[in-house]
Amino acid sequence: MYDFAYHKPASVADAVKLLGADGEAKPLAGGQTLIPTLKQRLARPTAVVDLGAIKDLAGISVAGGKVTIGAMTKHADVAASADVKKALPALAALAGGIGDPAVRHRGTIGGSIANNDPAADYPAACLALGATIKTNKREIAADDFFRGMFETALDAGELIVSVSFPVAEKAAYMKFDQPASRYALVGVFVAKTAGGVRVAVTGAAASVFRWKEAEAALSKSFAAASLDGVKASASGLNSDIHGSAEYRAHLIGVMAKRAVAAA
Amino acid sequence: MGAEGIGAAVRRKEDFRFLTGRGNYTDDINRPGQTHAYFLRSQVAHATIGKIDTSKAAKAPGVVAIFTGADFAADGKGGLPCGWLVKNKDGSPMQEPPHPVLAQGKVRHVGDPIAVVIAETREQAKDAAELIDVQLTELPVVGTMADAVKPGAAKIHDGGNVCYDWHIGDKDACEAAFKKAFKVAKLDLVNNRLIPNAMEPRAAIGDFDRATGEYTLYTTSQNPHVIRLLMGAFVLQIPESRLRVVAPDVGGGFGSKIFHYAEEATVTWASAKVGRPIKWTCDRAESFMSDAHGRDHVSHAEMAMDKDGKFLALRVKTDANMGAYLSTFAPAVPTYLYATLLAGVYTTPVVYAEVRALFTNTVPVDAYRGAGRPEATFLLERLVDNCAAEMGMDRVEIRKRNFIPSDAFPYQTPVALQYDSGDYQATLASALKISDWAGFEARRAEAKKRGKLRGIGISTYLEACGIAPSAVVGSLGARAGLYECANIRVHPTGSVTVFTGCHSHGQGHETTYAQLVADRLGISIDQIEVSHGDTNKIPFGMGTYGSRSLAVGGTAIVKALDKIVDKAKKIAAHLLEASPADIELKDGKFVVAGTDKAKAFGEISLAAYVPHNYPIDTVEPGLEETAFYDPKNFTFPGGCHICEVEIDPDTGVTKVVKFTAVDDVGRVVNPMIVEGQVHGGLAQGIGQALLETCVYDGNGQLRSGSYMDYTMPRADDLPSFDVATQSTLCTHNPLGVKGVGEVGAIGSPPAVINAVVDALRETGVRHIDMPATPAKIWALLNSGRRAAAE
Amino acid sequence: MPKVSLTVNGRTVSAEVEGRTLLVQLLREKLGLTGTHVGCDTSQCGACVVHIDGKSVKSCTVLAVATDGANVTTIEGLANGNELHPMQAAFKEHHGLQCGFCTPGMVMSAVDLAKRNSNPSEHEVREWLEGNICRCTGYHNIVKAVQAGAKAMAGAKAAAD
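Chains as they are written, first to last, in my numbering: chain P, 3 to 265; chain V, 64 to 853; chain E, 839 to 999.
The hints are simulated quantities; they were obtained by calculation from the structure and are not laboratory data.
Don't take each hint at face value.
Claimed, not checked - Keeping only pairs whose Cα atoms sit at most 27 Å apart, straight-line, the calculated DSSO-like set for lysine-lysine is:
1) E/K841 with P/K41
2) E/K868 with V/K718
3) P/K57 with P/K136
4) V/K695 with V/K630
5) V/K189 with P/K41
6) E/K982 with E/K893
7) V/K622 with V/K695
8) P/K28 with E/K893
9) E/K982 with V/K496
10) P/K41 with V/K122
11) P/K87 with E/K953
12) E/K868 with P/K41
13) E/K893 with P/K57
14) P/K139 with P/K172
15) E/K868 with V/K189
16) P/K28 with E/K841
Chain P on its own, in the form it takes in the complex:
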């Protein structure tokens, strides 16, 4: 790791100020991705702004048909939350399947979403549920948030404050683990909400995306059988030592059906 200056502000405003003052500074949430990246010397921030002391960034509330989760809320807390389990069990289950227990005790929803790893789980939930990402300066719809590989709509120095998920009628997430890293080789989140059926896929491409053909089929009838004959295209999907684009395309179909069946 290269050395850096360390700051631990007590408020979002202070954090934003620190990040604004230094374009090469990086915010640190749970650190479960950033710290390994720094250890491998793949990034060289001049300063690290630790968000861990900002009290009002963590917490879960359920109200008005929405589950709102503070950016610094840990995966383990989302997974264990009775409120989330009741209102959006698919989201609690997703959080409980990220990484391993020790990672879930540090990793945060804000960190995961801001990083937008192509194989991360939370982006699939955001996109499928039509979540709203609230930052220190605006609200961004999930559809506009995830722009590409490790790329989001966040401006430099902009911080996620919380994420709001509309409660779904039915929802489920099915992940096929990449066998070594245990990240998603393919993860599919299906949701039937007041706004319609949405299907989001992670792990398979450069960034999370919606599978529109499946959404159309499921909108007619929200049943696994509706996906018979609906095939995800392999074009543009990732291919690596763990699976070809064709295999990923096939898994998208299998995971989507399983998610629908479980929802």
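We have chain P; now place chains V and E onto it with these hints.
Okay, now just chains V and E, sitting in the frame of chain P:
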């Protein structure tokens, strides 16, 4: 058997320190004034080295010194030696290219060390290494064995890319037998390359004491005396009397910590140059490109059979990857530890094997748990399944029909080995019963209802371990003997220290060896300490590998105990006024036979050190004995492994749902430890079969270079195992022990793959190379489906 | 250099660290608590697991400076003198360790599981240990040890209550 003697499941003496965080691993050691080393490694697979400019790096904060291959050469130091010479078919010696400690002139694999930076902290050394400017001119990369033998291939070494072209067996007899064959089964297969991944990354501390002129190397080694010998004699020219090698607690080895590595020589040598101790600890990413890898064979095999399915002859052609340089034991692995095992448990009268060892621009390949024997077993046990298919015979029946009968021992194979004992029908019968082989079809049918493809696979394997008779291996090209040494020191009040050359890095020697002593002397294991891993304490030793610690190291202890008891009897006879011939050792007491006259063990030991009333004219004071034991033969564990899998045809995921292992490991000293060794071996074997593989791309870049891409078996990848032992005794060592360290990793891969193929058989699949990953199985199923649809 | 003060195994400690110093480096190099090990650099092997404020975390993936004011327990903090913690005792009884390198992290993870679930199934143990890699044991005996240790911990707690 006493509660602590041979056969008792004694809880381990060493566990307290490990469980409380008081283990003492190399990286836990810090020397006063210590500096830190970081190795600048090649990021390309093949290039010539031009100018190396270290001037900027030398000025970086905290830097103490920077050395390159040129500094090493200028100091007249040697390269890393190879411990085994294999000869070509024509009798000429193999190509043995230089293996510089730090690269000289060329880099030959990603990870090849170019320079070492010594700094006050590890991070400072790393920071400075980035400032070294190395001019590299890239050369065409020989990424695979197929590339290595292509006409016009780039030459990795001056002598080309072939290390040796070796053979064993009677070629003419083999061809004659194939001409008479009723049927021939054939198989092409790959034995996938693995990365050993002991959980403790390698580490080394070099510490030169200017006052005494003594060098100390602390290192993560399975065999500190071997490192002292190789490094002292061949690399740094330091006499043993001034070189101490300490292997403290070592966090797993699996073969990868046998070899003498560049980093050990570098920190030892450089510590004298800078006048301060130097510590190096490997990052995991670095270990992927600097620890010796394992396996990596490409083979073609054919078995000739008569009309009854009896094996007439086996012929095998194998290419074995050596990587870019010859690691310490590398040439022996695909020859003497592989081809000599190709008879397996069968009466095949003729075997002929040709093995070509090739250089590629990859990390050196050497022994990894099983070393050659898993490759032989995988080939043979996969081929036998094909034989059964070819003959339309049952897989169990064809094995039974070809087994070496239990009354045929000693049994001479056509490939050099003479097996001393075994009962293959017995281990098979036991495994069939425990696994409920007979009830399998009902389980397959039930799984089918759930949409799962269930398969069962069997492997009846044999291995040769307890290495090794020195004269035999010497005639085969080993440059060292493979005996073992034990020293037993009985202290005045009757406690005992055992000094052994067999290092323990998970195998539980501190307990098992104490049991041998407790059993013999009748004292509590609490009075016995086992000391290993320090060349200044232990007279000599060849170390721990090849499942040799009990068969060879344990026998050395028994031989030393013989001498202790012999001398103690003389002392007892004097004290009891009897003849030594009448003294018996019983329950920890020396008794005059047929009387109640006795002396406790502690009384004898005290007399030996306080010899006031002592047979001083005929017996020296003191009670300490040393024995060297050179085994008469290899030992031959064997057994039967049965694996049951379920495959999800939608995803290609294979789950091992049941695994049975019945092993003949000879006499069992500690059944708890034996079972643990089998479990661990099975995990590595199942890992090879389903999960693990080392992947290079065409440019010699490691694609599976971290745990993000190299699939280590995790707790939820594996089932609990049904393991049992069914032993015959080794006939040529006094304990009757054979060895257990490697059986799990040897027997299991073909059992798993045979099960996978069985599960997929109805879809037309006949073979799948390891690892049988979900993606690979899905692709096979998918092509089958497409073929069926067309 | 930033200064950090925290409680480790019940003792208050302070140290000067660089921003980049990891918690595991603070423990091993500054405090001499070498029971916590480092087996990888991608946060996967779990040899470095310790408890921060009672929860298992990977100390190789936490900045030392970020633990200011925290309560950290390491493997050295479990036993009471020569008396092993019930989970440690279960690992010994069931031969849940071989080379010992992954053991501290494995035990710390297991203790965290047992605090939540006093009677975990084999499946639950295997899932929980997803982030702890062992190369020696094949996990078979670790699973048995964790199940036995969890029961023993519940028993000890019931006795104390």
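Status of each hint after checking the structure:
no.: 1; hint: E/K841 with P/K41; result: 21 Å, holds
no.: 2; hint: E/K868 with V/K718; result: 45 Å, violated
no.: 3; hint: P/K57 with P/K136; result: 16 Å, holds
no.: 4; hint: V/K695 with V/K630; result: 26 Å, holds
no.: 5; hint: V/K189 with P/K41; result: 11 Å, holds
no.: 6; hint: E/K982 with E/K893; result: 22 Å, holds
no.: 7; hint: V/K622 with V/K695; result: 14 Å, holds
no.: 8; hint: P/K28 with E/K893; result: 26 Å, holds
no.: 9; hint: E/K982 with V/K496; result: 24 Å, holds
no.: 10; hint: P/K41 with V/K122; result: 24 Å, holds
no.: 11; hint: P/K87 with E/K953; result: 21 Å, holds
no.: 12; hint: E/K868 with P/K41; result: 19 Å, holds
no.: 13; hint: E/K893 with P/K57; result: 19 Å, holds
no.: 14; hint: P/K139 with P/K172; result: 32 Å, violated
no.: 15; hint: E/K868 with V/K189; result: 20 Å, holds
no.: 16; hint: P/K28 with E/K841; result: 21 Å, holds
Going down the numbered hints, you'll see the structure goes against 2, 14, while the others check out.
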